[in-house]
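From first to last, the protein sequence lines are chains L and F.
For the first sequence, the positions run 20 to 320 when this note's numbering is used.
For the second sequence, the positions run 948 to 1666 when this note's numbering is used.
Calculated directly from the structure, the hints in this document are not laboratory data.
For each residue, glycine too, the CB sits at the ideal point set by N, CA and C.
Any given hint could be a false lead.
Now the in silico label distances, taken between C-beta atoms and shown as ranges [stated by the list, open to error]:
1. L:I242 - F:I979: 22 to 30 Å
2. L:I254 - F:N1067: 37 to 45 Å
3. F:N1232 - L:I44: 51 to 59 Å
4. F:A1462 - L:I242: 24 to 32 Å
5. F:A981 - L:I44: 15 to 23 Å
Interface residues of chain L toward chain F, partial, derived using beta-carbon atoms under 7 Å [said to hold, decoys possible]:
6. D213
7. Y214
8. T220
9. R221
10. G222
11. P235
12. N236
Here chain L is said to cover these stretches of chain F; the calculated rule only asks that three of the stretch's residues, wherever they fall, bring their Cβ under 8 Å from a Cβ of chain L [claimed, not checked]:
13. 1372-1384
14. 1433-1439
What follows is each chain in one-letter form.
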Amino acid sequence: MSQANATDGTVSASDRPKGLFERTIGSIVLLKESPVGLVGAVLVTIFFIVAIFAPLLAPHHYETFIMPMAAPLSTGPNGEFLLLGADLRGRDIFSRLIYGTQRVVFYASLATFCAYIVGILMGLAAGYFRGWVDEVLSFLANVILSFPVMVLFVLIITSIGASGATIVFAVVFASAPGIMRIVRGLTLDIATRDYIAAAQTRGESPWYIMLVELLPNARGPLIVDACLRMGYTTITIGALGFLGLGLPPPFPDWGGMINETRTLAMGGFWWMPFFPALAVSLLVLGFNLLADGLREVSLRD
Amino acid sequence: MSDTLQQAEPVKSPPKGEPVLAIDNLSISYFIRAGEVPAVKDFTLTLYPGEAVGIVGESGCGKSTVAMAIMQYMGGNGGIVGGSIKFMGRDMSKMSQEELRQLRGSDIAMIYQEPMSALNPSMLIGRQLLEVPLFHEPGISEDDAWTRAEEMLAKVKLPDPARVMNAYPHQISGGQQQRVVIAMALLSNPTLLLLDEPTTALDVTVEAGIVKLIKEISAEFGTSMIYISHNMGLILETCDRVCVMYSGVAVETGTVKEVFDMMRHPYTRGLFGSIPLPTADKNANPLVPIRGQLPLPYNRPDGCYFGPRCDFFEEGRCDDPKGVPWLTVDEASGHAVRCLRWTEIDWDNYTPDMEQHPPNEPGEEVLHVENMRKYFEVRDTSLKALFTGKASRWVKANESISFSARKRETVAIVGESGCGKSTFAKVLMGLETSTDGQIVYNGEEISQLPVTRRTPRQIGSLQMVFQNPNETLNPSHTVGGQIIRVIKKFGVAKSEEDVHKRVDELLDLVKLPRAFKYRKPRQLSGGQKQRIGIARAFAGYPPMVIADEPVSALDVSVQAAVTGLLMDIQRQYDTTLLFISHDLSVVRYLSDRVVVMYLGMIMEQGDVEEVYAPPYHPYTEALLSAVPIADTSIEKREIVLEGNLPSVLNPPKGCPFSTRCPRKIGAICDEERPPFRDAGNGHVITCHIELEELSKVEPVIVTKSPGGGAGEKAPEPAE
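Next comes chain F alone, as it looks inside the complex (with noise of 0.2 Å):
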């Protein structure tokens, strides 16, 4: 079979040595009032010692759930129904509780997401730390084992080690959490690490930090790793083998390098076709959502479990109900598919049918913001502040944001959190008003103008799609009613039979059937939640929409649909979209003007090419470094950004940026404002650095080979 690949890429020899993890045929089902349901099925995974292997889906693929079993830990209601898990060569399925105990923590060690939640917050980190070797080595002394855990703190680069041991959770940031999550991880040596979504919870800067620390881990400690996550990315940079699973089911295996470049199923290839890779382009290479929902647990079809949604699906073969076997793509490497048909689909010559469309030519001037300010009083009720007189303080929110957005543009607000970025939008919104500056929206001046003295039609022309779909839409009403009442709200449609138009029409625009009208929101998936928002910003014909993150919280699948959708509908109204997100690789994607935000500050602005090539701002080459991208033949310098993000409350006095600044050039970077240094062409760099010198700055990204993409390449030589 594998003489259809013209010849496979030298690949590292497999490493040498019994099997640290070996996972065979592993099926596992929840039990609940319903009956079985399966979570996953016929799992099979072989973990050698030093590798890492990813593990990446979308949410209910049963990526943690194949986690949580190595761990033998299921919960009441979850069990292990077939196969078997066999650690260091013995099965862990016959081992007692006390041996499994033992286990866990010190052999097996396990990094969830949320540092916050890991940590418990009424203890001491060092005391916290201090339980691994008290606990699994007998005999050990508090003292060394506290110094034991000093020195592992040191070794996850955290500052100042002694401080943090004495410190509680909540008194170092997210970042250092997780360093100190992944530390006491680390302090009982395990030959076995399970990171489940180690950095979904974290801004992208410390991301980056945190990836670069774990692969130094496993240089280091040559421990074994099982990465759980759903960016690709951030696979590629940290493992040596993916598994991809989809519904329950791997379907497709190999080195990241021949997945990634050489990928075989169709779901993987679709995964790759909605990520917004740097090669996408909203207008002529639009990214390709993955069509239909994935199936439920207790509702997959025969066969293939993606048939249903394949573009190769064949009747009679794919829906075979004895399902589908691995099959080896590459015996030496170990690529093997899920696909009955990998052989037969020529992926050279397979375009998805994705309209094109010309770029939006953007109109008159609708936004124009003016030196806009929003400070937040803090009352300090303290004795402390009663003495110093400093009872009150203020968070600068937004510090002198000017930019405008003209009609049909897609303005992109970026920055991580706490950078101003939804302050913004709320005094945008009207829900606050502004401190100072002006904010002129259809040539009415609107920043003092809460909402409720806004008139039904400057309220119905700027609206806003919410970030989180769970929580947009009111659960105890119809989908239909939410939209009717938005609909005689802005005295869009007066007769009943008009609104009920109205609505259908809605429907129709984010291509949801019209019945949904009488359906609750928790009848909806998260994606088509987040269309009835969509739907919901539109029903008044708005020539602006905000739109805070609106896919930030759905699959890449779902969320390239979803911005298609955005898009589409932006063409079609003539629509201004504000689109605010920390996605980097999502802005440059979809956006034609991009402000980058820090710390209520904007540190540069202009038209996306523009601001994704220098010069760029240092905080911009730095995020710009942080994002992962899935794409084996980009190459990203690595910035790595010390430090913490200032507390809002007490910001650097100068530039904001110049506590974290690789480029930082001396006193003046902390003592004064920094210029706006105007690249022409609305291109507005706020940095004390020339230009001139800025210009000199190499690409942050560079694609090696010419032409490259998800698709198959060329063979190269290995490095």
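Okay, chain L solo, but in the shape it has when bound (with noise of 0.2 Å):
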């Protein structure tokens, strides 16, 4: 019963082989069997597209004074409308939201995706070649995950000076053991598969097994696994921004705006470090949601 195919022999249309669009629209017709995972992708497109077109979204410039805290849903001296109101320096939260929503979604993205290219190459080199190479590539891991991740993101930043790169960096150096390991795991198992032995016996090198035989098969798990990490990324660097360790001001940067406003909060100028933690909330819960709903269908079918 397990073998669920139709094949009779005959030329049908599905033989024709799908191109990347209809793949792309095949899976998002399959994650409407989870409810959940549907909610997660909504949240994480509208914060894509948010970021995308920033410039084009924004009322205001992030750096205009219109009028200092102004409450929401006021209106500036020009006319402007405020909708989640505006900080300390007069500044229109909601643009400043958008504007942040960009740099977050852009470090996070860069962040993960190259830890993603040093945790694969690891873990496959460590999971394929075993022996001496785990061994090292495992020790290394292990030493850098007994850190707190914490520490070690303030030790790396504090250490180089807060920038772009040096987040994506320590996120880099923070995560790719993580990944690693998870590769390493997946790959001990699917090397066992007769067709690694195939590509082995018609003398195939070992980075083509590792990349073209072995990794696209790993491809299930990793793609769950990145959602969630592209959560803790975000909370990352909002926590970094929090701590003064983020992007350098005047950007405004969501953790960032928290921090200079938490005290205000206090005084009644809730809606200040109100609005970016609830920005900094939904987006981590869309990519948890759609990991789930990804794990969901893929263990579906």
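Quick one: dock chain against chain with the hints and give me the complex.
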């Protein structure tokens, strides 16, 4: 019963190879099976659209002075509508959030992507070559993983200095070992399959086998993990901003926005830290729900 | 209707008493996203006390679903949609969950295919056995239960039951585990025992022991049994009656003797035509695969489900949507068939058109292996090993392997799991290098040459067909892409056009539509995947192909098609085929020369007719006796091996087979490596016993009546 395939030998439309577009649509259609995943997908998509079109969507520049301490839904001196109010320096919180989205989404994606490249390469090598390669790489990974992540970040950023590149470097340094472990486990399993032996017996090079024969078959769990990790990275970037180790001002940064205004929240200006905090939560929630949904759908098939 | 049969054979009178189990018109469906999938339709079976009924069929035919339904255990998405199951006269669908729970494991017990997953790995075997009496017999003391469990272990012929009681499942062998599972099932003294492929995961000599035990159980305890298997030979050995299933429907039922000798359904006939019985011969009397494929449960044709694959299909009759009723062949024995045309088919004069071929004439020597050894080092890092200085031990996977293969020849390497046959294939392919000795292939010494250092020509000239159809192809790439890669890698064709031409050629070669090149492996059935695996191996015109159990994961009818295909290609390309297998029936059918291995050593080698006839090596003799043969006219001498396969880490010092050999002659077997005894014509037996002695041994397999086979025979007196 396990083989569910209709193969009657005739040429049908389904024999044509599917393009990337068709396959993408296919996966989205699959996601509708999981309401939770769909909610996550919608949230994440909204944030990505906002990030891409930030300059078009933001009503004001993030540095423009309008009206200090304006409450949400108030109107500025020149008739500017302040949907989410303004901060201490009179800047529109809504606009700053939108530009902040751009930063967060860009750096979270970049950092996760880089961490994946490093983690995948290390994991493939450790799982495929095994022996001393595995021992050295696994030892390195264990050493890094034994540090508390936040301490590691603070250590790296304070010693190199805060910048976008540093954040990426810090995230790669801290998450690559975790990714490596997952990839290594998957590799150890997949490397025993006959099609890997078939590739070996036709004399393929180890890296061809790892990247072309092996990696595509590990993609399922990795995509789910990548979604979760995007969420972690978002929190990390927020936390670093909050600690003053994020992107240098004046560029808006969600964590930084919360930090700047957190003392004012007690004085009744709740909206100043609230909306950035809400943005962080929603984006992380989106990634986590999407990951859950993907896992659910992939388990069902 | 039954007058068309010549006088039916007198059968034993139908058993008396109330039926233990009466399944009536049972229909079972699974409910999935796509809707209702009927798994079993209109299934009827009556089981009397002390009777053993076999349910036989290929994968996906619904035989396990029936077993699950009897246990009333259908999982979340399955359900009985029609008919009834009565156990001891009571309708099981009307029982409460609590009643069913009491019934399961006490009155009805089940034995599964995988003993290791049926036992809890973290519990002592004794404690697991104890649960049965403690749960089903309130008031029994723990001591009594323990004694009962230990006695039961002795009854299933486990050596040293007291030790087994205090062992964890992983500490005993697979065969012993299955005996424990059987003991557990028998502890509650069940009225009905369900056996779902109980020996499929076991080696053939271990299987023989379990089968013997099952037969003894039915004699001693009088338990009624339902034996589910895909193996016709096992059904013949264990059952009184048989029910053949196809695509969720029982198509033929009757006594084993009658169904096996006078099968009336074209599917049953097709099934027997695909089994490599001793009478089959790859050249003169080739196997006849059933054409086409098993229909999917939601895609079954109208009328007879076998219609599209049947040679006797008649439009307007066989495709009547009303379906096919049971037709009685023989009232007295209960032989019935679901075929509208059974009286019209003249099986005596039915000869399927299978091409006959002259035997292959072997050419010059292609492969020569001389004294090849392969040892693996196992490092022991424990403290004890450090102190005793025995930090590294050697697994002797291959020990002095010597044989040769000639052009166009099929050489089979046969042996049970752990005999080193796959290690040998790895060394040959260059995935491992040998420890010692020579492998000369096409005049080049390759035993020390890993695949990474072989030339593309060397690699392309030695290719492999793998065992597992679900793993042989990369699920992420299209079928065509994977073949193209091989063609380019071996430099068979250079231009895009030529490459695609070669892909089409290869797909034609393995008789698959060319459009399959755009498909992903998951869109293919097991047999089709295996064909692609074959096409891939032959892409570089290799003079020699190693096939590592290429058909053992396939259903018999598909098996016949794939072996047939492999041999057609071999003829066309003049390929030398090295066929690695554990299945002696398939090996006998398709090989020219046989190499029998045990624990890394060659026990016997020679031409196929010589190895399968005396003088035998005692191991070959035991193997031959263990293989179940689905032919009632064949009589086997029973040889059941005692003991377990020794560990490869600690093999016997003398003859590797000495610990289990029924013909052991004395201390010499334990102490000294046996000599090679040449019986002429390349037939070599590695044994301490003189050839003359071995020649006196009676053949293991004897055909009772001349001209026998799976076909219809003249009636003969009952035993």
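Status of each hint after checking the structure:
1. Roughly 24 Å separates the CB atoms of I242 (chain L) and I979 (chain F), a value that falls within the hinted 22 to 30 Å.
2. A beta carbon spacing of about 41 Å between I254 (chain L) and N1067 (chain F) agrees with the range 37 to 45 Å that was offered as a hint.
3. Checking the proposed 51 to 59 Å range against N1232 (chain F) and I44 (chain L) shows it holds: the Cβ atoms sit about 54 Å from each other.
4. Distance hint check for A1462 (chain F) and I242 (chain L): the Cβ-Cβ separation is about 30 Å, which falls inside the suggested range of 24 to 32 Å.
5. Distance hint check for A981 (chain F) and I44 (chain L): the Cβ-Cβ separation is about 20 Å, which falls inside the suggested range of 15 to 23 Å.
6. The restraint placing D213 (chain L) at the interface with chain F holds, with a minimum CB-CB distance near 4 Å, inside the 7 Å limit.
7. Taking 7 Å as the C-beta cut-off, the interface hint given for Y214 (chain L) holds, the closest approach to chain F being about 4 Å.
8. Interface restraint check for T220 (chain L): the shortest CB-CB distance to chain F comes to about 5 Å, inside 7 Å, so the restraint holds.
9. Interface restraint check for R221 (chain L): the shortest CB-CB distance to chain F comes to about 5 Å, inside 7 Å, so the restraint holds.
10. Interface restraint check for G222 (chain L): the shortest CB-CB distance to chain F comes to about 4 Å, inside 7 Å, so the restraint holds.
11. Among the interface hints, the one on P235 (chain L) holds; its C-beta lies about 4 Å from the nearest C-beta in chain F, closer than the 7 Å criterion.
12. Satisfaction of the interface hint for N236 (chain L) is found here, the shortest Cβ-Cβ separation to chain F being roughly 5 Å, below the 7 Å cut-off.
13. Counting residues of the stretch 1372-1384 of chain F whose CB lies closer than 8 Å to any CB of chain L gives 3, which reaches the minimum of 3, so the coverage claim holds.
14. Here's how the stretch 1433-1439 of chain F fares: 3 of its residues keep a CB closer than 8 Å to some CB of chain L, so the rule of at least three is met and the hint holds.
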